[in-house]
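Add chains B, C and D to chain A, keeping to what the hints say.
Number of protein chains: 4
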Amino acid sequence: MQFEIKIQLSNMFQHETQVRVRYSETDKMGYIYYGVYPQYFEVGRAEAVRAIGLTYRQLEDDYGILMPVMSMEVRYVRSAHYDDLLTLKTTLNELPTDQIVFHTDIYNENNKLICGGRIRLAFVEDKTKKRCPAPDDLINKLKPWFE
Amino acid sequence: MQFEIKIQLSNMFQHETQVRVRYSETDKMGYIYYGVYPQYFEVGRAEAVRAIGLTYRQLEDDYGILMPVMSMEVRYVRSAHYDDLLTLKTTLNELPTDQIVFHTDIYNENNKLICGGRIRLAFVEDKTKKRCPAPDDLINKLKPWFE
Amino acid sequence: MQFEIKIQLSNMFQHETQVRVRYSETDKMGYIYYGVYPQYFEVGRAEAVRAIGLTYRQLEDDYGILMPVMSMEVRYVRSAHYDDLLTLKTTLNELPTDQIVFHTDIYNENNKLICGGRIRLAFVEDKTKKRCPAPDDLINKLKPWFE
Amino acid sequence: MQFEIKIQLSNMFQHETQVRVRYSETDKMGYIYYGVYPQYFEVGRAEAVRAIGLTYRQLEDDYGILMPVMSMEVRYVRSAHYDDLLTLKTTLNELPTDQIVFHTDIYNENNKLICGGRIRLAFVEDKTKKRCPAPDDLINKLKPWFE
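Protein chains in written order, with my numbering: chain A, 1 to 147; chain B, 1 to 147; chain C, 1 to 147; chain D, 1 to 147.
These aren't lab readings, by the way, just hints derived from the structure by calculation. Among these hints, one or two may not hold up.
Subject to a maximum C-alpha distance of 30 Å in a straight line, what follows is the list of computed DSS-like cross-link-like pairs (lysine-lysine) [to be verified]:
1) A:LYS130 / C:LYS127
2) B:LYS141 / B:LYS130
3) A:LYS89 / B:LYS129
4) A:LYS143 / A:LYS130
5) D:LYS141 / B:LYS127
From the derived model, a few chain C residues whose C-beta atoms are all more than 12 Å from chain D [what the hints assert, rightly or not]:
6) GLN14
7) GLN18
8) VAL21
9) GLN39
10) GLU42
11) ILE52
12) GLY53
13) SER71
14) CYS115
15) GLY116
16) ASP126
17) PRO133
18) ASN140
19) PRO144
20) TRP145
In this text, a Cβ means the ideal position worked out from N, Cα and C, and glycines have one as well.
This is chain A alone, in the form it adopts within the complex (with noise of 0.2 Å):
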């Protein structure tokens, strides 16, 4: 008699990184300005698509595929501040299609929420500035997170 027991914990993939807080990037209210974490976005998903085995750099220059920000939502939650060590959770809730949606929340050293961003790219082929679907080695590499 046999047993197959598979338990799926999750189904998604998930990447952590981290960023100091640069003086430049406060403001005058003395926190991040707003506008800043739109950057700690794009370090969080260029960092979570190298943990991959793939970069940003490459999907353009090998792959001839470029990446628009089609849409951006943010929930400011906290404040935080210059110097802080902020960890940038990455996650990827669904293989890409014609467009890849990433989700990064902003924890501080407290692992208090800052800031949680959801922003959807869309895949246009340079040469053509048209659409396109993503590049098979992307959602390939993707894969074993999602079975």
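Chains B, C and D only, in chain A's frame:
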């Protein structure tokens, strides 16, 4: 017999200003970096407030009010380029309460929509760092557009 | 008997434009972040070039010329604040050769010097990425100020 | 008869740290925007100060000292690209007095010099906004490198 006819043409406040795209605001894709638009939204609402006879600076310095951003939603429709002269249309659909919601739509020189943002800000008392209602002067100066 | 008196009051090109300080450009010290001034210098020289009947964009798109910065020297004299309306005075003391040197002095609303910068740029052919002389059109349009 | 031989190998403080170039930091030329380097210089000197056992944040919060930039000189040698991992070498050639001068040289992954900057900062008492000497703790922590 009496008729009362009330034609409400609009019930909102709208303001327009322009920005010229700087080289620093482009990225290697050749377009404006997606994280620059929050700066344009900021310019849009700062000039909108100036147009009713107040300034952000006064709100901070004279009224002791800070206005942190609580949420932002951005839809990217078309790409914009270096040296484009963009028109920022900033709209308030409601009088501020304990928060204020600015809608800023950005158009290029051909009057095509580039990008639209919805930014929600809170009012915070600088001294106590606690939330507070919008200053009466701000509400009163906006009222004529909402009657 | 004839006299020819030629008074050469100046032998340079000068242009003025203005920028309003954005909230994003301040830092937690409450002043403009020192690294923002290069963006203002860029605005100053872009508008100076536009004033003689050319644009940076044209130099890139129509002439195939890139203008990388080779060196920059900045002297910070006074602090500037959020919402200040700054005047950028951009000067060329010499006609461009295989390089061009812009001096931009920045004044506040009381006509006090905030900051002065000297920025030296090269001319590079986009196709070959090799240095080249300034385009004739740029030199010719500047000549009247240097005769 | 006695000889005293003192070999002074170096008389300076040097520190290295790294930054990864963000997409936001590129411009349409495809390289890092020239105005981004001051942010890197800031990272370089912030990490240099951290390495001796202090932080900028402490200098502001605990010592009540602000450090505005007085002058900056930058030499741009090579272009750097998106996703490059840059090494920032920050050097102090002298102990701080009523000012401090940081030299930051930036190298790419092939150990080629990209850019060098010399940044001079003053010490200012936050309360009075008047210039003051460097805090003793900063000088004392640096002394071992200058003896």
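Self-check item: Minimum Cβ-Cβ distance from C:GLY116 to chain D exceeds 12 Å
Solution: The assertion about C:GLY116 is violated, with a minimum of 10 Å to chain D.
Quiz item: Does the no-contact call for C:ILE52 survive, Cβ to all of chain D over 12 Å?
Solution: holds, 22 Å
Practice problem: Could you let me know if the closest chain D CB is still more than 12 Å away from the CB of C:PRO133? | Solution: Fine: 19 Å to the nearest Cβ keeps C:PRO133 off the interface.
Quiz item: Does A:LYS130 pair with C:LYS127 here, judged by a C-alpha cut-off of 30 Å?
Solution: holds, 25 Å
Quiz prompt | Least C-beta distance from C:ASP126 to chain D larger than 12 Å | solution = violated, 9 Å
Quiz prompt | chain D versus C:TRP145 - minimum CB to CB distance exceeding 12 Å, so not interface | solution = Fine: 26 Å to the nearest Cβ keeps C:TRP145 off the interface.
Exercise. Mind verifying the non-interface call on C:GLN39? Its CB should be farther than 12 Å from each CB in chain D.
Key: The claim is violated: C:GLN39 sits with its nearest Cβ about 5 Å from chain D, within 12 Å.
Quiz prompt | Non-interface claim for C:GLN14 versus chain D (Cβ beyond 12 Å) | solution = At about 23 Å from chain D, C:GLN14 clears the 12 Å cut-off, so the statement holds.
Quiz item: Does the no-contact call for C:GLY53 survive, Cβ to all of chain D over 12 Å?
Solution: Consistent with the label, C:GLY53 stays out of reach of chain D, its closest Cβ about 22 Å off (over 12 Å).
Quiz item: Does C:CYS115 sit more than 12 Å from chain D, CB to CB?
Solution: At about 10 Å from chain D, C:CYS115 fails to clear the 12 Å cut-off, so the statement is violated.
Practice problem: Below or equal to 30 Å on CA atoms is what counts here, so check A:LYS89 against B:LYS129. | Solution: holds, 28 Å
Self-check item: Given as non-interface: C:VAL21, which should sit over 12 Å from chain D by C-beta
Solution: holds, 15 Å
When each numbered hint is compared with the structure, violations occur for hints 5, 9, 10, 13, 14, 15, 16.
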